[in-house]
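There are 4 protein chains.
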Amino acid sequence: MIIQLNKDISESQKNAIIKKLESIRYKSNEVRTQAGTYLVGIGKAVFDIREIGHMPGINDIHIVSDHYKLVSRKWKVNPSIIDLGDDVRVGEGQFTVMAGPCSIEGEENIRLTIDHLAKNNIWIMRGGVYKPRSSPYSFRGLGLDGLKLWHKLARKAGIRIITEVMQVSQIEPMYDYVDIYQVGARNTQNFNLLDELGRVDKPVMIKRGISGTIDELLYSAEYVFSAGNEKLILCERGIRTYETASRNTLDLNAIPILKEKTHLPVIADPSHGIGIRDFVEPMALASVMAGADGVMLEIHPEPEKAFSDGQQTVYFREAENMYEKLRKAYELLNSWR
Amino acid sequence: MIIQLNKDISESQKNAIIKKLESIRYKSNEVRTQAGTYLVGIGKAVFDIREIGHMPGINDIHIVSDHYKLVSRKWKVNPSIIDLGDDVRVGEGQFTVMAGPCSIEGEENIRLTIDHLAKNNIWIMRGGVYKPRSSPYSFRGLGLDGLKLWHKLARKAGIRIITEVMQVSQIEPMYDYVDIYQVGARNTQNFNLLDELGRVDKPVMIKRGISGTIDELLYSAEYVFSAGNEKLILCERGIRTYETASRNTLDLNAIPILKEKTHLPVIADPSHGIGIRDFVEPMALASVMAGADGVMLEIHPEPEKAFSDGQQTVYFREAENMYEKLRKAYELLNSWR
Amino acid sequence: MIIQLNKDISESQKNAIIKKLESIRYKSNEVRTQAGTYLVGIGKAVFDIREIGHMPGINDIHIVSDHYKLVSRKWKVNPSIIDLGDDVRVGEGQFTVMAGPCSIEGEENIRLTIDHLAKNNIWIMRGGVYKPRSSPYSFRGLGLDGLKLWHKLARKAGIRIITEVMQVSQIEPMYDYVDIYQVGARNTQNFNLLDELGRVDKPVMIKRGISGTIDELLYSAEYVFSAGNEKLILCERGIRTYETASRNTLDLNAIPILKEKTHLPVIADPSHGIGIRDFVEPMALASVMAGADGVMLEIHPEPEKAFSDGQQTVYFREAENMYEKLRKAYELLNSWR
Amino acid sequence: MIIQLNKDISESQKNAIIKKLESIRYKSNEVRTQAGTYLVGIGKAVFDIREIGHMPGINDIHIVSDHYKLVSRKWKVNPSIIDLGDDVRVGEGQFTVMAGPCSIEGEENIRLTIDHLAKNNIWIMRGGVYKPRSSPYSFRGLGLDGLKLWHKLARKAGIRIITEVMQVSQIEPMYDYVDIYQVGARNTQNFNLLDELGRVDKPVMIKRGISGTIDELLYSAEYVFSAGNEKLILCERGIRTYETASRNTLDLNAIPILKEKTHLPVIADPSHGIGIRDFVEPMALASVMAGADGVMLEIHPEPEKAFSDGQQTVYFREAENMYEKLRKAYELLNSWR
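Protein chains in written order, with my numbering: chain A, 195 to 531; chain B, 195 to 531; chain C, 195 to 531; chain D, 195 to 531.
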């Protein structure tokens, strides 16, 4: 159950509610986020919601049968919108493109990408400065210095930054330079990282685990939310299957399923989802039609020279065509809503 | 290698070519289809194509590095179109909807479905009369009598029939009553069935195996083609993964990958691909945008009373909206080609 | 529910039972096998078993909550033993080795293999005469002539034959020459084939599907049993997963799980299960310890010259060591029972 | 390539080698571990090993074609043995049992487990004090206080401790109280954690990822080794597949494959690998026969009251039988070596 508390609830009122929950053997978890204070009650007993709902200090009470609670659409029917300022928003009713290179590579590359994005009316740039790599001998990214340089250039152009955070100790140093922290597919169940990101007031986008279930992704989001941060975005990026003709298997089924289960925005990453440059466009279009609130795309002025993931990275010129098509597809879909 | 022979090639000319292939250690497979006669050469040696290409009786010769040959787009760049008469065609440039109940259930249901389809300008009706069921105690379909009844009613309305054939002995009795034989996901590698369907002059649609690879699907098509039947359609219907939130994982990556690899039409089956009624529409739309040449849909006037698969079957009224949207999505996509 | 009928039950007694079942909304399936006659009742209602059990003509009645019935150990606690004559048996308490080449290749190879097996006290020889191959251009086996030759040589030496049957039309011609029909992993859900094998009085070994679940394997066995043939063996042969370091993923979990769920013998096929010659022995030993009633092994005098599957085929000399170890491992395990 | 440097190599000698490597376009990674100093050269060029091998300061040089280097058996043929003191060793030629509860639960439970282990001659106790849980509302373990208590009791009895470390910040506080750090399946690719564990002089056991490949596990070990810590153990604990009859699919194929690829000890975890109490024993025995250097087992005096994983946890009495059998199986296997 989720109990939304009044802002001016007194300690004794709160304690009375917690006691009441104990009496029906529900454990209370108090959650304070940017938007409010909640008691999440975990228990199994069936009870009469009215007995609790009338207690002083309670704004609202919902029974949520899902195992995840605060991220469930059963509790919060209205879609959550992540506001990044200057009319840049992520969530239902917006169509978001996040684009950029796999790895941030240096000033020249950043400048070219920013110009390309601004020209195409795209306001969120992706790029890795900390790169998780299977082999310890591979390039691991430019790190914080790269991020600072990127931030300086992006800020001028009004471009927001989304980039991966790999460990707790990076959260704070990155704070001033990112607009959205990205949790990568290998860290979807790095619960300490999620916990700490719950204590930060910056949006967090969580990618689905390499072989993560849809429910596990929602649980991971619940970690962040229940630790205090409601500003969450989910991302489907393909799962691991037996098929080797594509890098991953983009599971677009996850899009409508997630959209029904949660109020959080859902983004698709067709670049990782298929891993083949020529097929990023059809899979991005398919993502839109499946109901995604946006797409994340790997682009590069010279993909064949990209530091990483070149084979799935789209040329700027082709990307421009793609943006245009994505918007038209989104408009068509929106015209039916 | 694929050698297309002239229609009027003499036996001695043909033997000379076969001998030539033997001399470079290529095994010849002679293939006669509705459209032509081919020698498919299987071997590993590198050779000078001109040495063979000039031999009398040869119309055309291609080296095909794929392991499948006749279904490869490397040999035949132009898309194959399956003509079902009266302007009903399946293939690139057409948008096909095949719709109907999971199981054919009786006259009333057939009539209602036919009326619904004709009214909505849909000319291919799906339905099972032989049903593959995990349990021997489940309903296994109305069989041949059901097919005959269906055929009588469909013929009058100009509706074509696609239905599953489960074994070799059914091929002949079904022949007069089907327009497209469907090979189900459990029979994708039933090689005897494929072989025999190669000896029939009726279109065949092969569904991808439950955990079949894209290449295995192409090999299965090669079985039919190399046995003499070019009239082939492929169908992506979802694969088996660890995810249990959906019935299968619709692998839309397979659509652009197949469209590049083969000249055959590619259909998507979102009903089985996700297995949840409310999400069939978004996945059907996504299939169109991924580049499918059509979709196969389970519909029913009263899904909750359907003999099988009711949970993934769409109501007629909702289906009508879906057809409309699918056509608009297809038009939009087509406007960019 | 499973009702075992008396041998001398009268038609009217049987009809009374069927009527009784109808009255509690259970569908009756009459099953006649080599060992007895059963009514398998399929329904959902809860009922008092004593009300039915006392009816005349009933030998025994069991409620089986599993979806498969006749193959369930809930009904038949004693393990089923397949008797192949001359003290050759497959089932709990026996340790069975089935060994031979992937494909039957000709007289010389057959003779060598038979000598090797007899010398090592192994009485079941495997080998394919009908080979399911992904590509239509691959070697598809020597067919019936190969089987006849093999049978002639094996009979003399007292060796039994297990070989794959791929389609219904092969069942009869093969009948006189096989001791166990094998259903391959691509045909586990070829329900027509299973149905027809249920009408034959010869043992049938069913391999688990390439991505088949344990329950699906039991259902497939139920097909054969419910069509009249109790002489069934199951075989775990590895499943398809994302891991590419081995050909398949031998799922030894399936061994104890199957042994608990069913009274049928369970064999493991480590050759296909790992697909790497050097590791067949450890996986065969592991299969024994997991509780398998035997193993199926690919062996060849010269694996590098084998027509197929050479990379996973063991040399005779190494096989001899392996048999010895397998027997000792089985003895150790048996000493604890 | 791996170059083992002499202990007394001078800086200028080392620089000369690095320069030489640069000249053939190999990147040098200097690695200092407990046992030695290495230069790991990463590059693609083919070169004459003798040209480098003769350089002063080099003890040994090996070309390792695997993508992982220092953990490869191509370089170090002799198995690595992890010495925990007092004749407690993990590695080839030893048979190791690590047993204990899923979660450390309190003094009483610790005492009972320690007594049970010591009595059965088992010297490594497992147990979680930091528990990764899908849901943020689940019990997350007793934390450092629990570990300290456990350590105090275990030390007296001569029992070693293996327990999971979930994040970098826990490494140091845990240091005095653990004998083996365990990296859990959700952290196999938590590269920062691996990096930091490479800077610690305590053994580390890495579990295979939930859907990790065998190669990814080796890469993860390479992370730790290349950061300076050679004391590594690998653990197969089951992978995620479509099969739902077991919790995970214990991939015993991985055991012989890993044993061939790496010199590191390989442990199997049948408790997580199958997830069903009654089947832990057969799968543990199978693990031994597949070649595992030991097993990790969940045991509890009262599994039905365990804080977590009770359904896969074995009773003490049954565990005693199992240890005995495991040792006998290991002896039998060892008698053949």
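Just so you know, the hints here were simulated from the structure itself, not pulled from any lab data. Treat the hints with care, as some may be off.
Since the list can't tell identical chains apart, any single copy or any two copies may satisfy a pair.
Within a straight-line C-alpha distance of at most 25 Å, the following computed BS3-like cross-link-like pairs (lysine-lysine) qualify [stated by the list, open to error]:
| no. | residue 1 | residue 2 |
| --- | --- | --- |
| 1 | Lys221 | Lys499 |
| 2 | Lys499 | Lys201 |
| 3 | Lys342 | Lys214 |
| 4 | Lys238 | Lys499 |
Check your understanding: Between copies, within a copy, both or neither: which fits lysine 221 and lysine 499 at Cα up to 25 Å?
Key -> Answer is between: at 19 Å across copies they meet the 25 Å cutoff, but 55 Å inside does not.
Review point. With identical chains treated as interchangeable, where does the CA-CA distance between lysine 499 and lysine 201 reach 25 Å or less: within a copy, between copies, both, or neither?
Key: This pair counts as neither: shortest intra-copy Cα distance 54 Å, inter-copy 40 Å.
Practice item. Tell me, please, which holds for lysine 342 and lysine 214 at an alpha-carbon limit of 25 Å: within, between, both or neither? Key: Intra 50 Å, inter 35 Å, cutoff 25 Å: neither.
Practice item. Give the relationship of lysine 238 and lysine 499 under a CA distance limit of 25 Å: within one copy only, between copies only, both, or neither. Key: between (56 Å within a copy, 18 Å between copies)
In terms of the numbered hints stated before, the structure departs from hints 2, 3, listed from lowest to highest.
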